[in-house]
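Student: Okay, here's what each chain looks like letter by letter:
There are 4 protein chains.
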Amino acid sequence: MSRVPGATLVAACSPLSSELEWARDTLQVPHLYEDYTALLAHDGLDAVFLVTPTSLHPQQIIQALQAGKHVFCEKPLSLDLEDCRRVSAEAARHPQLQVMIGFVRRFDASYQDAYRKIQHGAIGSPFMVYSQTCDQYDPDGFFVKFAATSGGIFLDCSVHDIDLARWLLGNPQPVRVYASGTRAIHQDLAQFQDVDNGVAICEFENGKIATFYASRTMTHGHDTMTEITGTAGRLTVGSNPRKNRLEIADAHGVRNECVPSFFERFEDAFLTEVSAFVEAVRQRRKLELTLADATEATRIGIALRESLLSKQPVLL
Amino acid sequence: MSRVPGATLVAACSPLSSELEWARDTLQVPHLYEDYTALLAHDGLDAVFLVTPTSLHPQQIIQALQAGKHVFCEKPLSLDLEDCRRVSAEAARHPQLQVMIGFVRRFDASYQDAYRKIQHGAIGSPFMVYSQTCDQYDPDGFFVKFAATSGGIFLDCSVHDIDLARWLLGNPQPVRVYASGTRAIHQDLAQFQDVDNGVAICEFENGKIATFYASRTMTHGHDTMTEITGTAGRLTVGSNPRKNRLEIADAHGVRNECVPSFFERFEDAFLTEVSAFVEAVRQRRKLELTLADATEATRIGIALRESLLSKQPVLL
Amino acid sequence: MSRVPGATLVAACSPLSSELEWARDTLQVPHLYEDYTALLAHDGLDAVFLVTPTSLHPQQIIQALQAGKHVFCEKPLSLDLEDCRRVSAEAARHPQLQVMIGFVRRFDASYQDAYRKIQHGAIGSPFMVYSQTCDQYDPDGFFVKFAATSGGIFLDCSVHDIDLARWLLGNPQPVRVYASGTRAIHQDLAQFQDVDNGVAICEFENGKIATFYASRTMTHGHDTMTEITGTAGRLTVGSNPRKNRLEIADAHGVRNECVPSFFERFEDAFLTEVSAFVEAVRQRRKLELTLADATEATRIGIALRESLLSKQPVLL
Amino acid sequence: MSRVPGATLVAACSPLSSELEWARDTLQVPHLYEDYTALLAHDGLDAVFLVTPTSLHPQQIIQALQAGKHVFCEKPLSLDLEDCRRVSAEAARHPQLQVMIGFVRRFDASYQDAYRKIQHGAIGSPFMVYSQTCDQYDPDGFFVKFAATSGGIFLDCSVHDIDLARWLLGNPQPVRVYASGTRAIHQDLAQFQDVDNGVAICEFENGKIATFYASRTMTHGHDTMTEITGTAGRLTVGSNPRKNRLEIADAHGVRNECVPSFFERFEDAFLTEVSAFVEAVRQRRKLELTLADATEATRIGIALRESLLSKQPVLL
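Residue numbers (UniProt numbering), protein chains in the order written: chain X, 1 to 316; chain L, 1 to 316; chain G, 1 to 316; chain R, 1 to 316.
Isolated chain X (complex conformation) (with noise of 0.2 Å):
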């Protein structure tokens, strides 16, 4: 927070006494609380950040809103639809406040290029997408554990490339989706019927069509890229998902080395987007993401995941 002008870090909240001493002693945040409803009446907090396991995001949006307070919450939503809406419906009550979901991506220096050009027809007009998350192989399964309430691969990894088909194809309605994936590492993941890697084709309306490949499994490290074609020319995000500027040959090739995961990737995106919000919050200006854009990712998840399951199309 010391980062984003603007904005002061003034107290932290986590049911969890070791998270509150590593915010009091890290981040030098002078109020603590362990419960929430405790910090949503703390004097003088204009807004909350919810970095919190995504069942409670629903609840406690909805909490935060009704406290009058400006929310950041992480993405997803929610893994439920009719939670999504229920947050909707509460934030329809607060227009003056401000709630965003962090789809981090759409803060990326590279993707808001990609937008703007699009913007200005520099490819005609966009009708194709291609877009992947694909996370480097974590040989401790970190995710394994987490696939129980993650939603699965669709929910936790493809929202991102839903959301981003969406805003580069200019919001287009969704009609069909289809979706497959195989367990080539994980075969833990059966019991959760969760997948390491899935494809999936999203059809929308007037012949635009999203392609989209999520991985927990990629050797090389990190690798999200985006590909949006128009009638007039393609644009690509992260061909290649290099560490950074130095090319080394050796007797290897010519190579570079690789972001290891979307930290390192999108730090600068992290900034970008919560100095937005605060922006936003500031300038009392609306926010171009929308709740309805953080709805619609999850009802596009949640068909996937229900084709990956069924083996059929699924229509929204």
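Keep in mind the hints are simulated off the structure, nothing from the lab.
Warning: the hint list may mix true and false statements.
Simulated pairs of lysine to aspartate or glutamate, DMTMM-like, Cα-Cα distance not exceeding 20 Å [what the hints assert, rightly or not]:
1) R:K243 with X:D250
2) G:K311 with R:E264
3) L:K311 with X:E306
4) G:K243 with X:E257
5) G:K243 with G:D138
6) X:K243 with X:E257
7) G:K75 with G:D268
8) R:K75 with R:E264
9) G:K311 with R:E306
10) X:K243 with G:E19
11) R:K117 with R:D250
12) X:K117 with G:E257
13) X:K286 with X:E90
14) G:K117 with X:E257
15) R:K243 with L:D138
16) L:K286 with L:E74
17) X:K243 with G:D80
18) G:K243 with X:E267
19) X:K117 with X:E288
20) L:K286 with L:D46
21) L:K311 with X:E205
22) R:K75 with R:E267
23) G:K286 with G:E264
24) R:K286 with R:D46
Starting from the known structure of chain X, arrange chains L, G and R on it as the hints suggest.
Tutor: Here is chains L, G and R on its own, set in the frame of chain X:
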């Protein structure tokens, strides 16, 4: 043919006198035929090369086999599965004769390199393929006129990607396909129920999956790309369809021009392919690329077209 | 400064009221001085940051040291070798004070990565450097007006490459330099005996060699690149001055836009650099980048300028 | 030769019986000679191809010209400037005969593309060349044994870069050169006063400049690169010596393998070169690449070697 060791071009056949004149004047072919049966009766003829309309392939191959000739035939073998099987049955009666369908990409040096590396375990166990065949936009729309008989974008373009996916994944049995497409520019394809951009998912046994993309509308050039992901790495052939080794830095940024068509991209591969055929004929060596492969590519391609039209997965 | 942990901007100094107003209004600096001596007397000031004309650097650094302040000063230390030595002598009398000359590229993440890899033996023994600093062509020719006091292209631009070469090659003693240059566009540089494109060879002891290229006339952007070759490999920083992770495929081919100036290229490095300085001041840790390094860079830069004018090698 | 239209290999000549046997068995050459004079007397011989030790080139070319034969000879023409001039004088007496020295890189498709683009003004006025010829490290040190007669690294390797620089810059007169070098690995080159890594600056008239780098010690492969900078852009041939279109993503990062030697890099160019020669002979068309070019390359190469030894610039 003058560039293929061990081969001599002894005769040419075409119903069109203009083609025969070109063969005589440009290729210096000594013997010319208007009639295919007459060609097959030419004394000293060992093999025929069929560069004819797809609808003629099956009968012409069968006729050649019955005349005791080896056959090289451009892809696809046929748009009709029954025809594919008739050809295979006939070929089975002539085990001493070679029949090769021209899936030229298998003979490209980069694809060969990828194949060898996979064989040597470079990426562990391969389980996922993304493969695309994207033609440069042709304002004359030549392919539109051809659409009536091409079999559609999947049988015309993706058939290459299908063959590559099977080859690189170790010839797994296909299980289910799903396809979608759009007419981004060429609205006149509607009359043929064809699209100018198509995507598809092909699920194989044992959790292997291929995703295909075919397009007629690229602005930058002919963009053929194949990605093979395994449990220990990923190989990509053609991530940038660079025309040559020249890079330009100017007001447009840092850039390279692209190959305009499959011909520039696969010029060397055509030569390698024909040389491999001639070598196999001369050495009586079994070809790795079989009629069963060509039949399977047509079978999957037909299923993709069915899925595109029915908007339903097609079981194989 | 608000982005540098541990630092607080307490005062600003400039003879120009417009600059002071900007400091007050934009940076919210609480104390403003027109007079440098008055600034140095400011109570509670620990360190000064000098972003002043090069000709003022030596005296201002000496004055700050005598006032007991740590000093960060933009490169180059001075265009005059004697001045460099005077500053070093003064600094030696204040071993408890830090003086850092802003060779910002050393703090760039990619250069840092290269340095670490070399330390870990990634390229065997490094013996050859090629390093370039190429500015985008500026139709306004701002730098031409600056040419009278810049010290010429080698002291203004290549001084960075000189410092990088020494650092990456392990600080070898320079032995002999040879330089050449041309005025490709800016003929008006003739009055300053300066060029808009210069190349140079710098021979160090033990057969280590660096080649430099500096330019003011690039069309595509600011192109800073450094290549370090060792007995077991080569590292390249900045082989393509890509603006971000966006790639465009259109009628111009496949391309990326480029950073327009050193500021976009080294924005993060400036922050890292200042943070490193502040950290060193707070931890009383010795800086790796010393006044001796800055002096050596000036010494070699002067020799390059002499060689350019005399068309003879200059011994060091 | 079987791959060169219009040419027939009628005879071969070598003093070594093993070479003659190879020509007979592998190339099926019908006529074999141990004696060069006897070869030249062969009935029906139009042209000779000299792939002989450099020291023999001048006399063999002159003898062939006097016998009325066209001559293709491997580079360099000679290591001796007087010999170059003797050959040119003899050639001038046979204006109907073609003599071509094999500067193969001019015939590479990428270099040809660069040349055409420059002719069409793509980079404005070209004024700066950086060109390198870097061989992969050979643990057997074959070239060391060859060093006694190679003329040293500049006449052996950089002679290509010299020729390219002259060609791409519009054949300007050289004015002054300066060279330096080091023995990074091959200390045994000291006996030949040669180096395994050399750099040089060549100044031409009108402010045009070329910088050369030659190396025998690359780890990653054969790395031939040329950069041409003009007032409106820059062209780079070979910025990454990629082996083919395959890219590997694995634990080493994202990478490509490299061509191991000039042969893989310039295989197609050799064919184009010989075809151009044969075409010129048959069409009686003047070759763009002349003996004057070959002489100039040797002249500049000799000057580089002199500068390396004298540590002084050499005027031309």
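Student: If you check each hint against the structure, which ones fail?
Tutor: 2, 10, 11, 15, 17, 23
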